[in-house]
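Those protein sequences? They're chains A and B, same order as listed.
Just so we're aligned: 276 in the UniProt record's numbering is position 276 of the first sequence, and the numbers increase by one with no gaps anywhere.
Just so we're aligned: 159 in the UniProt record's numbering is position 159 of the second sequence, and the numbers increase by one with no gaps anywhere.
Rather than coming from a laboratory, the hints here were simulated on the basis of the structure.
None of these values were measured; they are calculated from a predicted model.
Possibly wrong hints are sitting among the right ones.
Under the rule of at most 27 Å between Cα atoms (straight-line distance), these lysine-lysine pairs were calculated in the BS3-like manner [said to hold, decoys possible]: (1) A:K139 x A:K316; (2) B:K250 x A:K139; (3) B:K260 x A:K279; (4) A:K182 x A:K139; (5) A:K286 x B:K226; (6) A:K316 x B:K111.
Some chain A residues near chain B, calculated using beta-carbon distances under 8 Å [unchecked claim]: (7) K17; (8) R102; (9) R186; (10) S266; (11) A273.
Heads up, the beta-carbon is just placed ideally off N, CA and C, and yes, glycines get one too.
Here are the chains, one letter per residue:
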Amino acid sequence: MAEVLVYVDHVDGAVRKPTLELLTLARRIGEPVAVALGAGAADTAAVLAEHGAVKVLTDDAAEYADYLVVPKVDALQAAYEAVSPAAVLVPSSAEAKEVAARLALRIGSGIITDAVDLEAGAEGPVVTQSVFAASYTTKSRVSQGTPVVTVKPNSAAVEAAPAAGAVEALSVTFSAQATGTKVTGRTPRESTGRPELTEAAIVVSGGRGVNGADNFAIIEALADSLGAAVGASRAAVDAGWYPHTNQVGQTGKSVSPQLYIANGISGAIQHRAGMQTSKTIVAVNKDAEAPIFDLVDYGVVGDLFDVVPQLTEEIKARKG
Amino acid sequence: MSLRIVVTVKYVPDATGDRHFADDLTVDRDDVDGLLSELDEYAVEQALQISENSDDDVEVTVLTVGPEDAKDALRKALSMGADKAVHVEDDDLHGTDVIGTSLVLAKAIEKAGYDLVISGMASTDGTAGVVPALLAERLGVPQVTLLSEVSVENGTVKGRRDGDAASEQLEAALPAVVSVTDQSGEARYPSFKGIMAAKKKPVQAWDLSDLEIDADEVGLDGSWTKVDTADERPARTAGTIVKDEGEGGKQLAEFLAGQKFV
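Just chain A, with the same shape it has in the complex (with noise of 0.2 Å):
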């Protein structure tokens, strides 16, 4: 059976879950073979292994983390040269789609991004990508060379599968344009101990109608009584009310939870795009003219000062 390259998202040897994700749609198409890399690199084999990765190629070298992107994607040519897969699959992560794209253009391969479904095919794989804010689904396929696919988070189920995952090293000559980029810094960023937000099930956001970021305590309490991420639309973000590295939309992040509850957000376009493909969309707002109300499943018109802490006590009255 082919081998598919899976590039591992990891933070110092926990796997973020959208690489599971990516081992259950290796498993469409091919047996998949895990790269991890950097600190911790060896110690992502158990959970990989469990969800299918027939082999796990680690390097724990110091390149990676000193230098920006192009280390890594000296080592992920280097497992392509090693393994020769029917297909690369890669987080939708910033980083890692600029990883697969190098990565693409050397081994002379067709790279299509953000996938949210990926299926075999007669002429290889063919990916879906949902476009134009997510009004428009589309089936495509490389035509050229070994097919380089970024995938989305939560686009499939995280499915165990126990496999070898054997771990072998992997062999890497770093490219003289491997430490171009020095990384002279790097501060982690603190956690709040809720989910990531591009990978939670469940995400509760607040915009302009939230008016201060003092008052962003009520979203936050809304979510953490459903175990959810927090986000943010821009308007919320440019005021200073939330961080950037929350905020939803087609210049922030974009999410696909099972449930999305935009409180005080009109649903102007640009936010539209970062949370259309949301499975259930709920919305507080105001102003029942919003545009958000077109894409609800369930909407309360009202004042979110009202109806959201009013949620928050029901929820956790019901959890008991």
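Based on the hints, put chain B in the right spot on chain A.
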């Protein structure tokens, strides 16, 4: 010392318009007004700021690849303050994918001459966000991408990249490719004076032969990817909307419980 900055910009269909695919499954550009991609305005802005903060002689060139009306995007950038513009236009470019686009841009950047390339983080239509990395690969220079802060001094570019797990400080020697996010700083509005001055600024026109690119390397046929189908997403069925009369939160909790979220 002099510093040559090339800013890559894209003319995109207005996202607030009704965007469609044409019969050949490329973007239908006739139906919707176009404009300079908002995310590229940030790139123009940073180029102008680097120019204004520099003691060196800085020249800012804006570059676009696109049909005739893509000149509008160049005019906007010129009226913001860029010095000159390059427009790559050729009928054979129709339907070019990201790999092909990066080829055309890289050849044009080399022909124009550069010390620094600045791009937006992504286009607002394709949204792939991979062209800056592809340009660095093709040009063989460092990529210093997704910056929320950028500065250039003594032949070195420095910046801050805010990722999910960490915020990183980056540094590279010129020449280099930079991309900037919408956090890098609000883009200026063209002044009346800027708009008038833009009319006199040079716009150079190149086609594929000027760049020594064969037609079969670009366009729909030269693309390494193929779109087989594009279907308009069915309109969502109308949801339940209630007016809060004191019980709105409880009603919503009931809905969420019914959907097994609680």
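Evaluated hints:
1. A:K139 x A:K316: Not OK: A:K139 and A:K316 at ~42 Å, beyond 27 Å, violated.
2. B:K250 x A:K139: Violated, at roughly 41 Å.
3. B:K260 x A:K279: Judged against 27 Å, a Cα distance of about 13 Å means the pair holds.
4. A:K182 x A:K139: 38 Å, violated
5. A:K286 x B:K226: Violated, at roughly 45 Å.
6. A:K316 x B:K111: Violated, at roughly 64 Å.
7. K17: 12 Å, violated
8. R102: This hint holds: A:R102 lies near chain B, its Cβ roughly 4 Å from the closest one there, short of 8 Å.
9. R186: Status holds, d = 5 Å.
10. S266: 13 Å, violated
11. A273: With a minimum Cβ separation of about 7 Å from chain B (threshold 8 Å), the hint on A:A273 holds.
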